[in-house]
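**Q** Chain residues, written in single-letter form:
Protein chains: 6
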Amino acid sequence: MLNKKIGDFNKNDKIEGFFLIKTVDCKVTNNSITNKYMDFNLIDSTGEINAKLWECSNELEQMFKDNMVVKVRGVVNEYRGKLQLKIEKIRNATSEDNINIDDFVLSAPYKSEDMFDLILDYMEKINSKDIKGITEQIILECSEKMMHYPAAKSNHHAVRGGLLYHTTTMLKAGEKLLEVYNYLNSDLLYAGIILHDIAKIYEMDSSELGIVSQYTVEGQLLGHIVLGVNLIDRAGNAIKADKEVIMLLQHMILAHHYEPEYGSPKRPMIPEAEMLHHLDIMDARMYDMQKALSDVNEGDFSDKIYSLDNVSIYKAKLN
Amino acid sequence: MLNKKIGDFNKNDKIEGFFLIKTVDCKVTNNSITNKYMDFNLIDSTGEINAKLWECSNELEQMFKDNMVVKVRGVVNEYRGKLQLKIEKIRNATSEDNINIDDFVLSAPYKSEDMFDLILDYMEKINSKDIKGITEQIILECSEKMMHYPAAKSNHHAVRGGLLYHTTTMLKAGEKLLEVYNYLNSDLLYAGIILHDIAKIYEMDSSELGIVSQYTVEGQLLGHIVLGVNLIDRAGNAIKADKEVIMLLQHMILAHHYEPEYGSPKRPMIPEAEMLHHLDIMDARMYDMQKALSDVNEGDFSDKIYSLDNVSIYKAKLN
Amino acid sequence: MLNKKIGDFNKNDKIEGFFLIKTVDCKVTNNSITNKYMDFNLIDSTGEINAKLWECSNELEQMFKDNMVVKVRGVVNEYRGKLQLKIEKIRNATSEDNINIDDFVLSAPYKSEDMFDLILDYMEKINSKDIKGITEQIILECSEKMMHYPAAKSNHHAVRGGLLYHTTTMLKAGEKLLEVYNYLNSDLLYAGIILHDIAKIYEMDSSELGIVSQYTVEGQLLGHIVLGVNLIDRAGNAIKADKEVIMLLQHMILAHHYEPEYGSPKRPMIPEAEMLHHLDIMDARMYDMQKALSDVNEGDFSDKIYSLDNVSIYKAKLN
Amino acid sequence: MLNKKIGDFNKNDKIEGFFLIKTVDCKVTNNSITNKYMDFNLIDSTGEINAKLWECSNELEQMFKDNMVVKVRGVVNEYRGKLQLKIEKIRNATSEDNINIDDFVLSAPYKSEDMFDLILDYMEKINSKDIKGITEQIILECSEKMMHYPAAKSNHHAVRGGLLYHTTTMLKAGEKLLEVYNYLNSDLLYAGIILHDIAKIYEMDSSELGIVSQYTVEGQLLGHIVLGVNLIDRAGNAIKADKEVIMLLQHMILAHHYEPEYGSPKRPMIPEAEMLHHLDIMDARMYDMQKALSDVNEGDFSDKIYSLDNVSIYKAKLN
Amino acid sequence: MLNKKIGDFNKNDKIEGFFLIKTVDCKVTNNSITNKYMDFNLIDSTGEINAKLWECSNELEQMFKDNMVVKVRGVVNEYRGKLQLKIEKIRNATSEDNINIDDFVLSAPYKSEDMFDLILDYMEKINSKDIKGITEQIILECSEKMMHYPAAKSNHHAVRGGLLYHTTTMLKAGEKLLEVYNYLNSDLLYAGIILHDIAKIYEMDSSELGIVSQYTVEGQLLGHIVLGVNLIDRAGNAIKADKEVIMLLQHMILAHHYEPEYGSPKRPMIPEAEMLHHLDIMDARMYDMQKALSDVNEGDFSDKIYSLDNVSIYKAKLN
Amino acid sequence: MLNKKIGDFNKNDKIEGFFLIKTVDCKVTNNSITNKYMDFNLIDSTGEINAKLWECSNELEQMFKDNMVVKVRGVVNEYRGKLQLKIEKIRNATSEDNINIDDFVLSAPYKSEDMFDLILDYMEKINSKDIKGITEQIILECSEKMMHYPAAKSNHHAVRGGLLYHTTTMLKAGEKLLEVYNYLNSDLLYAGIILHDIAKIYEMDSSELGIVSQYTVEGQLLGHIVLGVNLIDRAGNAIKADKEVIMLLQHMILAHHYEPEYGSPKRPMIPEAEMLHHLDIMDARMYDMQKALSDVNEGDFSDKIYSLDNVSIYKAKLN
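Chains as they are written, first to last, in the numbering used here: chain Z, 1 to 319; chain H, 1 to 319; chain E, 1 to 319; chain L, 1 to 319; chain R, 1 to 319; chain U, 1 to 319.
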């Protein structure tokens, strides 16, 4: 009986340990004999695995809910090329188990408080009163949720604190590139980076564990780009900011996906909007590439990655 | 010497009459002998013609400006398949000429005041206090400019009062279709029609003659769809409207072009938004088809019409 | 034991009732122990459900065939997010069960006879002898099959009488819009509406229950648009109609899908063809939207609808 | 004064000779001094050149018409990278000039009579009575026009007899490939080749010189593919051919452009239709490539060729 | 107990015979009771079938490996519309079974040695010393692997010797078409055909049975087109060939897929490259069509064929 | 008479000064009276202007050739919205004029020698012997031409030394981003940057002034991406480099345009190739944006920029 993290599971391991229930469902098999089973997606800080308990009852359904921590014993099988856990024993964690919730969720590699402070540092570097004012107004309103929101439901930076991680990495990269492309307006660029995805907080419903259960109604009908434009409109009018400043920040948010079919009705028309777009896509892709290669051996390819145009990524031997 | 309207000009006509200068420019010919000439686009209520005065001087440049009415004598030639006027004599109109500006611009077939009243009539049919309130708030703010704005710079309804004409025709057609598709919410549909293009007033600069000289800066950086979403956000918050009402109206504006590449980052997700899209495109195309056929003889084709996917329209003999 | 219609089934219901077999098959499970089971798709006038009988034999295979009515007892399960019926008992309906076949199929909301009469009424409004003659000739030939054919295999109006329902709704909407766009030729528009999908009768094989089992060979090799063009060619020549009339009606059929990739090799070149296209797509989409929302609660979204560009439709609370 | 053919003209040549007027127009220059000039497109059997006569009058306009042969003296200039003839003297040819019209038009490299006979030979090879009957019926009806029609207005095989040339080359290539892909039905393939473009005779108006002045009304509203389908429908019904034979031939015509956006609403579903498509596109492109290279020196590139996806063709030195 | 080839299996057959293991895997069922089973894909020279052995153990896993021949007894079932073999008894073939490996793989209809000799024959027809030298150099290097490589992993010509079969059919067809398009350089065309897919030998890993297990690393990172260009570069430099010859052959390989999205960064710019493209796509499609129709009855359609733009192919009755 | 640089010309200026002839041609006007004129494109270090000398003779044609410096007197006109110079007097520069050729060409803002040294510095930072060896081998071969080559014919960095400028800016930006994305292999990234466009030296013919007259034959038939792959193949084999190193560098060159339709048959499959793509496109676009805004006043828009997806760039007032 091994006490392993999910990321270390191998086929045929017999394991025992604590995991967080990401989702749980009672399902029917397409099969004449056994009617029902419980279907779990379990996670810890190292990964996620599907797990089956081959029975189901009203009591079991009541006992296990999303976001609970459970103690599980079982065997690791492989099903359609993916590892899967066959549960032999399962119970809820109790206070005596001394569980720390942070051990069970995928998180950004930095503490949320530190990343948030970094954002405040960059906001201090903004000289324009209006640009700084709009940014502060919006960040203030969103600060609590920013602490745990991921940057996406399932693609890049879909981890607890992922929105902060994506934003701060872009700020660091942006600061570097301002040394090379020094004619850019750093106020606009920093504010654009900080605000570009902020409305994801209104577009998605995320638990405090950074797990998105669904998109909100306004997220579906309007999307985070237009919601962000609305936020800037309100903040800008509230502090009576210069009209051009409001318009430029709105344009940067509007244009940051670049292509209409990815949600940007306008392409970048100022250099800072262009740079914002490159920083955004570069950081998202580098994240996905790094993640794709984390499980791959040298000389091998990853699975096809949907967010990378369905390409398989290769881990060179010379690295 | 003929006293004809532009729409009646034929090749080789010698004409004399009053016209409005839509644009005027001093240009250089690609030619060794004559350096400069004045290039006019003249209009009256029946059409538009390019005209050349084969000389140019500082005095002439000062004398003739956009939107002035001039008296012209000249000969109608044909250049690259288009009629063109060679100006022999030109002078500004004076008060003694008894000019009525309305004779010189292409206008919608109804009076602006009547069309605006019709919009007010439909607003009266809106039962929801919030939907009506938002619509009134915005229309009030825009009413003056609505009187003369066209619905586009050069495509459909690009005439004085064209925005009103497009809007009121859609309201009439919408009312009819509500009898067939009677499960639709008429409040949303009427408000959506009235507001869908209203922000064109901020997207384009139009003279009182309904002639658009250029797009505004915010028109280019944000576009009338996002500007319209902002208008609804402000009006909705100003009257403290229900959040869902604001969101639904914003969604309708956002989705009315249907395709991302035509500026809609979201496709219609409520039936009223879907219907709004069909009313909009149907009215724009029927207008362009009717206009294309107005100069065509039975059994002939129009030129290729850019806004109709570059198709030539055929005028059937049996009509 | 509940006596419910399919549209009212809930998970875990134990139900008993009469249903129509849409399809039935003997299948093998991917499983070592039980080899075979019978896989049914059952329908009644409110919907469709997949059902399993976990045994199969030559006698059972002989006993149950497509389009039979059966009495079933079973339990409603959920499999991959869809309801599924586990059959405990099943037998064929007998004459003593007093079955009325109309209770078991999804049908248009109007009687076929009434809808067909409405089409005849509109044909009466056609003034041109040739246009009327061609339309009559074709309708006469197809009238029997029109009574039950759906308008599609699985998308919009895929119900018994769906072709009549789609056609008559378009005629009503067309009549309304002729009041607004009054320069259109109503003869062409009415005939175009009546004939635009008529060749679906030759494109698909439908049972009298309005269920399409497959496309015909000529349906696949030529498609209903070209088959319809052929019908007009023959009818027009049979009554020695004016050449232009034949050509215009053929053009309207040819162009009514608008885009080449949807089967129209020519785009609309006469206003009546343009209007026909809008009436067609508008009616198809409004039907699909209404259907999508029929099962959705206020404040919720439908599934993604394939025929609506994979959009989820939202049911507003204010409705 | 040189007596050269158009294909041999060089810049600055002073030439004199007989040419055919392809088009002639009286035009106005964009210029203050000279109002009018006559704009000719002159051809002979080796090529085409634009020519200017720098004056124009009613008499001149009456004197020179399309399809007349004229004697011209002038100088060869270059304008925007193209040779252009400045006309110094021009008169109509008279009977005393002993003009043979065949010297003035671009023609296929074989005599029309011989190519037509070749088609008859291949028709003889068709074994199926129905396939042969339909083909004969249609060819009989079109034989006169086939003698001079080009295969296109301006792209491939746009020469006198071009339709015959394209068809017979495809027949020869098809016969060769039947030796390799010997499971194909040669009856279908020969008939498909002979009929695939036959309705171009109804789609375009061509003079007896093989010069297309315009598309016909039915050519624009229906296109040669659908017109060809109609022809087969009528011929097939006239000889009471087997229904499948009619359908297969119609399918081959329908599918021969392969892509919907090039006019084929169905893709090939039988191997003979697939082969027909390849023979068609291969022959069209090889023709255009050969033509493009005819004026190019070894080691040089042709202009960009529109019909070859805007590629410039290279003439290798090793040839 | 029947002794049938896979191509002759029918549902419910009880069969016994020898088959080759294409792939074998130990899998877990999504099911509470039976944990594991062995999943085989078995082939013989007539086809392929999925087979299940409803048990699995370490010994069984050791006993059966890819590319082994086994003797199997079982029953043919149907699962999701496909035949599937339920294995009742299975053992490895022994030397006493007198197995001939050629009986178990799908092969081209000609012997590899004969097809290779045919390629040598065509190489003899190449007059240019440089073109012949480059071709020989490369063929020499690849000759061993050419004997068994297929032309693709799963699409056209995916059989043992498929690369030779595809290449030699194209050579035959090319020779025929050179009689019609006789201005083409036959040296370039023959060399282009022989070399166009040769680098597939480096792009894919194939067993001697012609079964591709995977793409190589360089196959994925560079692709057979660029690998082929490299081969020509090296061979050309090794024999000090004329620079233009090297470039033209490289261009032909580079352009033979025609469209950038299919891997050709350049479109054909010489007629021989254009012809190579047509020969390639025509042969691939005719192969796939013939294969699709091999299992279809007259009057029926094949499944949708992915490589034929998802079209179903129709087998005409008149064939 | 003003002594201005081209970048400072205004309409109606009378100017006199020295300029370099980029191109010169003798042309014919489409005009009855004056037959010929000389058409110049003149440049100096600040820009380019079209100029006309309204006469032409054999002597004049002999006197003025591309890349000569001339002294010109003339008047600045405007033609179709562009400034144009009407030449009144023109003569060749003589040795007494003390011309320095560097004053007449648009050059990168750094000296070529310094930029080349910077590349050598970065090459020193490459640790891998093989990667460094391949890079050195190629740079050595190209160093002379690198001194003056632009990075493109007409788009981004189309100035003397533009290739060095583009490469060195990317190296600087790459070094910065390696601090943020520190898991990247810096050897691969630096070598990839240095080599990614190096084969433009073989793709285009450039004068020593950095002006590209045309693409080379191999540039058109193969393109700089494939030419670069060939260079790496040869250099790698020459120094017997590790096979994977050769392959990875070839893959980076192959994938750096990302999209197949822009010339990359493979998308990036290693993180360094992905980063190379972003550095490339980011630098090209920032260059074009900066250039577009250099002539624009605050609050105004640039012309539509082809290389920026036809967007007009806005110069904000707050900058």
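Bear in mind the hints are in silico, worked out from the structure with no lab data behind them.
Just so we're clear, the structure is a prediction, and the values are computed from it rather than from any experiment.
We treat Cβ as the ideally placed atom computed from N, Cα and C, and that holds for glycine.
Treat the hints with care, since some could be wrong.
Below, simulated DSS-like cross-link-like pairs (lysine-lysine); rule was C-alpha separation at most 30 Å, straight line [unchecked claim]: (1) Lys-89/U x Lys-111/U; (2) Lys-291/R x Lys-86/Z; (3) Lys-27/H x Lys-176/U; (4) Lys-304/H x Lys-11/U; (5) Lys-153/Z x Lys-27/Z; (6) Lys-172/R x Lys-11/Z.
Some chain Z residues well away from chain R (every beta-carbon gap over 10 Å; in silico) [claimed, not checked]: (7) Gly-7; (8) Glu-16; (9) Lys-65; (10) Glu-78; (11) Lys-86; (12) Arg-91; (13) Asp-102; (14) Asp-117; (15) Asn-127; (16) Lys-129; (17) Lys-132; (18) Leu-140; (19) Lys-145; (20) Val-217; (21) Asp-242.
**Q** Hints first: check each against the structure and report whether it holds.
**A** Against the structure, the hints:
1. Annotation: proposed proximity of Lys-89/U to Lys-111/U is violated, straight-line Cα distance about 34 Å (limit 30 Å).
2. This hinted pair does not check out: Lys-291/R and Lys-86/Z have alpha carbons roughly 43 Å apart, beyond 30 Å.
3. Between Lys-27/H and Lys-176/U the CA atoms are separated by roughly 50 Å; this puts the pair beyond 30 Å, and the hint is violated.
4. Distance check on the hinted pair: Lys-304/H and Lys-11/U sit about 37 Å apart at the alpha-carbon level, beyond 30 Å; violated.
5. Note on Lys-153/Z and Lys-27/Z: the hinted pairing holds, with a Cα-Cα distance of about 24 Å set against a maximum of 30 Å.
6. The straight-line distance between the Cα atoms of Lys-172/R and Lys-11/Z is roughly 53 Å, outside the 30 Å bound, and the hint therefore fails.
7. With a least CB separation of 20 Å from chain R, Gly-7/Z remains clear of the 10 Å interface cut-off, as annotated.
8. Listed as a non-interface residue, Glu-16/Z keeps its Cβ farther than 10 Å from every Cβ of chain R; the least gap is roughly 19 Å.
9. No beta-carbon of chain R comes within 10 Å of the beta-carbon of Lys-65/Z; the shortest separation is about 22 Å.
10. Once the 10 Å rule is applied to beta carbons, Glu-78/Z is inconsistent with being away from chain R; the minimum gap is 6 Å.
11. The non-interface label for Lys-86/Z is inconsistent with chain R: the shortest C-beta to C-beta separation is roughly 7 Å, within 10 Å.
12. In this structure Arg-91/Z is separated from chain R by more than 10 Å, as the shortest Cβ-Cβ distance comes to about 19 Å.
13. No beta-carbon of chain R comes within 10 Å of the beta-carbon of Asp-102/Z; the shortest separation is about 32 Å.
14. Every C-beta of chain R lies more than 10 Å from that of Asp-117/Z, the closest at about 42 Å, which supports listing it as non-interface.
15. In this structure Asn-127/Z is separated from chain R by more than 10 Å, as the shortest Cβ-Cβ distance comes to about 46 Å.
16. Consistency note on Lys-129/Z: stated as away from chain R, and its beta-carbon is indeed over 10 Å from all of that chain's, at 50 Å minimum.
17. For Lys-132/Z, the condition that its CB be more than 10 Å from all CB atoms of chain R holds, with the nearest at approximately 46 Å.
18. A cut-off of 10 Å between C-beta atoms confirms that Leu-140/Z is not in contact with chain R; the least separation is 48 Å.
19. Once the 10 Å rule is applied to beta carbons, Lys-145/Z is consistent with being away from chain R; the minimum gap is 38 Å.
20. Under the 10 Å C-beta cut-off, the non-interface status given to Val-217/Z relative to chain R holds; the minimum distance is some 35 Å.
21. Listed as a non-interface residue, Asp-242/Z keeps its Cβ farther than 10 Å from every Cβ of chain R; the least gap is roughly 46 Å.
Of the hints listed earlier, those the structure fails to meet are numbers 1, 2, 3, 4, 6, 10, 11, in rising order.
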